[in-house]
Each structure stands twice: as structure tokens, then as C-alpha cells.
Amino acid sequence: MFEAALRESVMSARRQLERAQLEAQPTQVHRHAARLLDLLDRARSNNIDTTGWVPATVMAAVTAADADAD
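Residue numbers (our numbering): 1 to 70.
These are calculated hints, taken from the structure and not from any lab test.
Ideal Cβ positions, reconstructed from N, Cα and C, are used throughout, including at glycine.
Please note: incorrect hints may appear among the correct ones.
FRET-style restraints, in silico, Cβ to Cβ [to be verified]:
hint : residue 1 : residue 2 : range
1    : E8        : Q28       : 29 to 37 Å
2    : F2        : L37       : 16 to 24 Å
3    : M1        : Q25       : 29 to 37 Å
Take the sequences, apply the hints, and build the full model.
Encoded structure:
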């Protein structure tokens, strides 16, 4: 149950991130990238395998947005 809810939250954050990218909204890109990283961190801390949940292209954007925030 927790894993399914977490996966849905990851998918929602991913969709919102992709939408923000398409609409060229950098503040929202950072917001959704941070949310996605938080959710993936929560999964990792609960030993949930998230392989395949987020495509590599989206993860590249997430890590780039995270680096820009520093």
C-alpha cells in the first residue's frame, strides 16, 4: 500500500515537472524536481526499488535543477 502510494506520488511529481519544463517555468521546475528527489529519497530509506519509475532523461533534468538551486 505504501509503495503504491509513493509510486503514484512520484509519477505525479514527474508529470508536474515535465509540464513545468514545457511551459518554461523555472521556479516550478525547481519545486517539482525537489519534490521528486524527496520522494525518491523516502523510497530509498524504506528499501523500495524505484528502478524504472523515472526515465533517465527526467532524472538528468532533476539533477540539473538541483545543481542550479545550490
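Results of checking the hints against the structure:
no., hint, result
1, E8 / Q28: 29 to 37 Å, "20 Å, violated"
2, F2 / L37: 16 to 24 Å, "19 Å, holds"
3, M1 / Q25: 29 to 37 Å, "33 Å, holds"
In terms of the numbered hints stated before, the structure departs from hint 1 and from no other.
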